[in-house]
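Below are the chains, spelled out letter by letter.
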Amino acid sequence: MSDQLLIRMQNAGLKYNMKTAAGKRREHWVLNSIDLDIFRGQTVGLIGRNGAGKSSMLRVLAGLIDVDRGVVENHAARTVLLSFQLGFNNLLTGHENAIYMGLLLGMTRWEIESKLDEIARFSELGEALEQPLGKYSSGMRARLGFSIAIQVDADIILIDEALGVGDHAFREKSVAVMKDLIKSDKTILFVSHDQQHVKELCDRVVWLENGRIVDEGTPDSVFEHYYEYDHAVVSLAANLGVTEAEVRSHPNSAVPLDWLRKFRGNLKSQWNEEDEIYRSRKMFGLRIYRPARTVVCSQIVDEECGACTWVENRRQIARGERVEIEACHAGYVKFSESLLSRLNLTEAQYRETELCQRILDSLVRVGKSHMARAPRISGPLGDR
Amino acid sequence: MYRQYFELIRYRVFVDLKSESAQAYLGMLWWVLEPLLYLGAFYLIFEVFLQRGGEGFVGFLLCGLVFWRWFDATIKRASASIQNSIGIINQAYLPKWVFPATEVASGTARFVFVLALFLLFCVFYLGQVSSVWLSISFLLLVQLLLICGVSFTLAAIVPFFPDLRKIIDNTMMLLFYMSGIFFDIDKLNDELKFWLFLNPMAVLIQQYRMVLLQQELPAWQALMYILFLSLVFFVVGLVICHKLDKRYVRVIN
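As you go down the protein sequences, you meet chains A and B in turn.
Note that the working numbering gives residue 115 to position 115 of the first sequence, counting from 1, and the numbers run on in steps of one.
Count along the second sequence from 1, then add 384; that gives the number in the working numbering.
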């Protein structure tokens with residue numbers, strides 16, 4: 001690790017011209033006002049939904065495409081975007097494909113030749129390396145691609161959905177290799193949807209949404225916000241009868257973390273002060289500590305506290321202890337199956353309970369006001 | 385850096401030729417068979433069925449076809465090369481001239497077989513070998529430069545105007561009939577001659593015939609015009625490729 005700055009993005013923006021159905025031209029900013037510094041030796045995970053701009057970001061950093069606004073500085077001698085089946089040709093042997101892909105990734109012929117043994121060993125393809133690629137199974141192709149790609153030597157390695165290729169054993173092996181790569185001095189930026197891998201491999205996570213950086217920091221904190229937002233959007237969409245995309249692209253959602261904070265606060269203000277709201281990392285549960293009023297409610301409390309220890313703010317909470325937390329979990333109304341089974345209730349029955357009704361009511365109230373307060377925009381949302 | 389690109393082109397040409405021959409039972413034999421069939425078809429039509437041209441027409445016709453085909457096939461493939469390489473352009477950085485250059489190299493490698501075959505034919509057809517023939521190496525260089533120039537330029541602009549591909553195909557057909565492959569442009573009237581000889585391929589084909597069939601040295605002034613034209617194309621193509629280097633990722637999708 002060092003403090004050497006390798007990549008600096010300042011107010012970087014990338015736009016595509018889209019044609020709307022009406023044939024009008026419209027600008028679409030795939031990346032918008034991106035500010036990001038990456039230092040040597042860091043391993044940065046890039047998360048976000050499909051179309052959030054992750055791949056575009058990698059392409060910008062790889063120098064495949066120039067930004068339309070702002071500055072992107074790359075001080076690395078060599079940056080490589082690893083793609084795992086680059087230039088693959090079914091008619092050529094695995095061996096020949098390895099050479100061709102290596103050349104495309106910027107390795108010299110000599111470099112690749114000297115690593116062929118290693119490629120054969122790691123990919124476990126052996127003799128099959130001399131067979132045409134057309135005869136390979138998709139798992140074999142993936143193994144070959146991965147084995148070639150990890151031979152590349154560069155200061156910055158950009159990886160788009162690297163892991164999870166091949167069978168279970170190979171997957172573990174590839175994660176192990178990635179870990180080795182990460183321990184070295186290399187700077188790595190990788191896109192992944194796999195929370196486990198990102199947490200294991202990255203020391204820093206950047207969350208992109210609608211082309212903007214929503215949050216960045218340690219994997220734990222970013223993922224917590226990420227999933228909370230996700231659940232909030234899902235439950236809002238389900239309970240208001242709109243699509244998730246409508247919630248996400250809503251002007252009030254432009255800054256997700258602000259929105260989430262407001263959403264939590266509004267949701268909480270819907271409850272009277274005697275109620276206390278608890279949160280379980282596992283259950284995403286929301287509870288009212290007033291067993292006398294609702295039977296189901298107390299059952300939840302008893303069951304929950306009896307069954308698992310609650311970890312809140314990194315300390316253990318004893319059974320029956322009352323804890324005030326800063327806000328409720330906005331993504332509550334995704335019913336946890338294990339919760340339902342423990343209560344011996346179907347989802348429909350649970351929805352009937354007073355507790356659930358109250359939660360849903362307040363969710364809908366808050367959600368509606370959220371969606372209604374929007375400035376008028378064109379399209380279906382504006383008329384809502 | 386450039387060494388890397390040339391190595392890539394070299395390997396890609398090898399790969400192209402190999403994968404092409406791997407697709408057919410007769411494999412590498414097709415490099416020879418295909419041009420033979422191509423030339424044979426024209427021979428059949430003009431010499432056997434139409435009985436046109438009279439004495440020496442076969443040599444005249446083949447000489448036109450062989451060099452035309454190098455130009456035609458290469459340019460058609462090269463002009464689509466950047467557009468067709470979207471998979472690679474999207475994932476790895478390469479200067480864009482590499483793509484048409486690869487097609488030119490691979491087209492030229494194929495042409496070498498045909499040329500060897502054709503020279504062999506000339507030896508038997510004419511019954512003699514001439515030292516004047518050495519001067520076709522200069523003609524070949526000029527044509528190579530022309531092919532590169534046109535290929536680079538077309539490859540660089542086709543991604544922005546995909547409809548151009550249809551226009552290119554049809555223009556090539558028009559040029560095929562206007563390059564004096566089936567007839568001798570020299571026998572036409574002066575005005576027509578002037579216009580037809582503006583087409584660099586018409587001039588080149590005429591020069592090849594002069595050197596190979598009549599054992600005369602080429603007309604250097606005429607070649608200067610083509611050399612100049614090729615250089616213009618070459619530079620324009622490279623400049624466009626360079627200027628728009630990073631626009632291609634956005635355009636082709």
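Since the hints were derived computationally from the structure, they do not count as laboratory data.
Note that CB positions come from ideal geometry on N, CA and C, so glycine has one too.
Please note that a few of the clues may not be correct.
Unchecked claim - Pairwise CB distance ranges (calculated):
(1) B:626 with A:176: 39 to 47 Å
(2) A:19 with B:578: 33 to 41 Å
(3) B:497 with A:29: 26 to 34 Å
(4) A:108 with B:416: 57 to 65 Å
Said to hold, decoys possible - Listed next, the stretches of chain A that the computed footprint assigns to chain B, with coverage defined by at least 3 CB atoms under 8 Å from CB atoms of chain B:
(5) 40–51
(6) 55–66
(7) 106–113
(8) 238–244
message = Run through the hints listed earlier and report the numbers of any the structure violates, in increasing order.
response = 2, 3, 4, 5 and 8
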